[in-house]
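Colleague: Line by line, the protein sequences are chains A and B.
For the first sequence, this note's numbering gives the first residue as 1, with consecutive numbering after it.
For the second sequence, this note's numbering gives the first residue as 1, with consecutive numbering after it.
Calculated from the structure, these hints are not laboratory results.
Please note that a few of the clues may not be correct.
Stated by the list, open to error - Pairs of lysine to aspartate or glutamate, DMTMM-like flavour, derived with a Cα cap of 20 angstroms: (1) A:Lys-211 - A:Asp-173; (2) B:Lys-126 - A:Asp-173; (3) A:Lys-211 - B:Glu-337.
What the hints assert, rightly or not - Computed list of chain B residues with no C-beta within reach of chain A, every gap over 10 angstroms: (4) Asp-42; (5) Gly-46; (6) Leu-53; (7) Asp-124; (8) Glu-137; (9) Ala-158; (10) Ser-198; (11) Pro-208; (12) Ala-215; (13) Glu-225; (14) Arg-242; (15) Arg-245; (16) Ala-267; (17) His-280; (18) Arg-285; (19) Glu-307.
For every residue, glycine included, the Cβ atom is placed at its ideal position computed from N, Cα and C.
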Amino acid sequence: MTTTAAPTTRRLNTAKAMAEAIAQEMRANPEVFYLGEDVGPYGGIFGSTTGLFEEFGPSRIIDTPISETAFIGLGIGAAVEGMRPIVELMFADFMGVCLDQIYNHMAKIHFESGGNVTVPMVLTTAVGGGYSDGCQHSQTLWGTFAHLPGMKVVVPSNPADAKGLMTSAIRDDAPVVYMFHKGVMGLPWMAKNRRSIDVVPEGEHVVPIGKAAVAREGGDVTVVTLSLSVHHTLDVAEQLEGEGVSVEVIDLRSLVPLDRETVLASVAKTGRLVVVDEDYHSFGLSGEILASVVEADPGLLRAAPRRVTTPDAPIPYAHGLEQAVLPLHDRITAAIREVLA
Amino acid sequence: MTTTVTPPQDHDTSSGVRLDLYRTMVLVRTYEMAILREYHADKGPGFDIGKGLVPGEMHLSAGQEPVAAGVCAHLTEDDAVTATHRPHHFAIAHGIDLEAMTAEIFGRETGLGRGRGGHMHLFDPKTHFSCSGIIAEGYPPALGQAFAFSRRGTDRIAVAVTGEGAANQGAFHESLNLAALWHLPVVFVVEDNQWGISVPRSASTAVPSNADRAAAYGIPGVRVEDNDVDAVFEAAGELVARARRGEGPSLLEVSTLRLLGHFEGDAQGYRTDLDEVNEHDPIPRYEARLREAGLLDDALRDEVAREAEERVEAAIAFAKDSPLPDPAEATRYVFPEEGSR
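Isolated chain A (complex conformation) (with noise of 0.2 angstroms):
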């Protein structure tokens, strides 16, 4: 991580860090651009283009249609054009309508152009449940963007990061899919947890893609982590210190590039893990953590490893079934009880 700003006590919510990064680059280059549906005066259902319509106008800040497969793809002709975009895409559960233009289009045309042709473009979207909002908008489907080549996946956890790396994915020459979790923007709406608003570095604040941070140093066990799930095990693991467990937890920050080596430096080190992960359970990313240690030396693991996960089922509505699915304090706390017995 690179600041070069001075040191700050100033606090901010993920929400107006992650924009304050959108404000900087779009001042800093009028290639910038930000649409999708209700970004402008509303200013993002989630709050991700907060203040940003008062400052750049609606030429750049630029309400859609509902046609998601008609602005994403505006988007990639734009970006093939040399500017660069951002398009909202305001639910990842929505993908399926506009799925071909990410991973035929906007993930493919560098490959299939043999490098000569890219495609500098962010695609936001907002993943999570936690507020009964039913099946259709409260997936985490970071390990579907993840696993279609093509395209960087990145996901911030805290205000400083959604900052840094929102900086980082403006920059990138390729497609770079940046989801947030509804629960990490500290939405005044929502169950916010304390570390949703949190110090952030005025200026150019950078986080490079492809590098996941320890969250927590501890000895005992690893928990690989991602964006809210991030927060809950912070949580798990200063209750389990009182009793004498040191949680080593890693922020996983990006899907793609995936930082194996910080997973497998941890791992090393405590010789117990486990994953927690709040898409579902099977042919996804908990999986890949799982698959990446064994493969690089089975002989890591000091106890069988446990995922915590959303079982394979679609989102309840009812909060007490919803609760019982998410990968929350109790469940990551019986996993990390397990693997250390």
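Take the given structure of chain A and dock chain B to it, following the hints.
Modeller: Same frame as chain A, now just chain B:
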């Protein structure tokens, strides 16, 4: 608002333009017949689609030359063209590098996409040409190219091509709507060759003319009957000029002809028009008209044919002499890398 152009018998298009249209059509046809020859040369015994110097699916545009010639005559290489899975006529008419395109079709390192794309995925940043193997999905990126052109204050335009079957897809309608809403400089072209693979137009839509569909978006729609290159040239000229003047998008449908199968190897058992289709070949018909008009004689005809053949055979020789890509580099160009552009 919809206009149907039934070609008059005497055209006021200048003789120089008409000969240029003829040359373009002959070059395209000569090229595709050479590809046809190379494609089938080593597919046997029997027919194995993956065998030979030109492997994979091959969709040829023989019969549809008037559409590409008539439209592209109004474009410069600064204008964008997004074509379909049947792209060669538009690629050639738009002035793509014939050698690099051929090398791509032959899967060579010197190809437009260094052998990563193939004949359905041709990308040429120099002429802003691209195509897509997914029907209708080439329309949305054209919006973005047009957006970038107008944002930069140029009079450059984008031409987006589909077949009549693709006009029933969502991407088609979203793109028309958004282009109309934002007055984007796009000319949408529909090639009505009557066949969506094996399904006749009558079985795919109740709308007699896709030009009528333009009315739903408040933009001009023009249908050119009879695959007439002079009429295409005249109609496209008005629509291109309109887009260049900043007056927004339009839709041009051309009634054209697929002389060959959907792809090479297609037995065409479904076709009801095969007995007569060759009588409607647009190139001999245009030759006859040019002769009547005193613009073409045997000597000029032979000269045009010879020029085309020399260019085409040189391109094929270039492709055959070019190196194959190194299999060790099969996963290169997923993401931009140093020196890849």
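Colleague: Next, verify each hint and record whether it holds.
Modeller: Going through the hints against the structure:
A distance of roughly 18 angstroms separates the Cα atoms of Lys-211 (chain A) and Asp-173 (chain A); the hinted pair therefore holds under the 20 angstroms criterion. Using a Cα cut-off of 20 angstroms, the hinted pair Lys-126 (chain B) and Asp-173 (chain A) holds, with the two alpha carbons roughly 19 angstroms apart. For the hint linking Lys-211 (chain A) to Glu-337 (chain B), the alpha-carbon distance of about 18 angstroms falls within 20 angstroms, and the restraint holds. The beta carbon of Asp-42 (chain B) sits about 25 angstroms from the closest Cβ of chain A, which is more than 10 angstroms, so the claim that it is off the interface holds.
Every beta carbon of chain A lies more than 10 angstroms from that of Gly-46 (chain B), the smallest distance being close to 30 angstroms; the non-interface claim holds. For Leu-53 (chain B), the condition that its CB be more than 10 angstroms from all CB atoms of chain A holds, with the nearest at approximately 19 angstroms. Listed as outside the interface, Asp-124 (chain B) is inconsistent with that label: its C-beta sits roughly 8 angstroms from the nearest C-beta of chain A, within the 10 angstroms cut-off. Not every CB of chain A lies more than 10 angstroms from the CB of Glu-137 (chain B), the least distance being 5 angstroms, so the non-interface label is violated.
At the 10 angstroms boundary, the C-beta of Ala-158 (chain B) falls inside the reach of chain A, the nearest C-beta of that chain being 7 angstroms off. Remark: the non-interface label on Ser-198 (chain B) is consistent with the geometry, its nearest Cβ contact in chain A lying 22 angstroms away (cut-off 10 angstroms). With a cut of 10 angstroms on Cβ distances, Pro-208 (chain B) stays outside the contact zone with chain A, its closest approach being about 25 angstroms. The non-interface label for Ala-215 (chain B) is consistent with chain A: the shortest C-beta to C-beta separation is roughly 18 angstroms, beyond 10 angstroms.
Taking the minimum C-beta to C-beta distance to chain A, about 29 angstroms, the non-interface status of Glu-225 (chain B) holds against the 10 angstroms cut. The Cβ of Arg-242 (chain B) lies farther than 10 angstroms from every Cβ of chain A, with a closest approach of about 20 angstroms, so its non-interface assignment holds. Remark: the non-interface label on Arg-245 (chain B) is consistent with the geometry, its nearest Cβ contact in chain A lying 20 angstroms away (cut-off 10 angstroms). With a closest Cβ-Cβ approach of about 29 angstroms to chain A, Ala-267 (chain B) is found to remain outside the 10 angstroms limit, as its non-interface label requires.
Interface exclusion of His-280 (chain B) from chain A stands, the closest Cβ pair being 34 angstroms apart, more than 10 angstroms. The claim that Arg-285 (chain B) lies off the interface holds: its Cβ sits roughly 36 angstroms from the closest Cβ of chain A, which is beyond the 10 angstroms cut-off. Against chain A, the non-interface label of Glu-307 (chain B) holds: every CB pair exceeds 10 angstroms, the least being about 28 angstroms.
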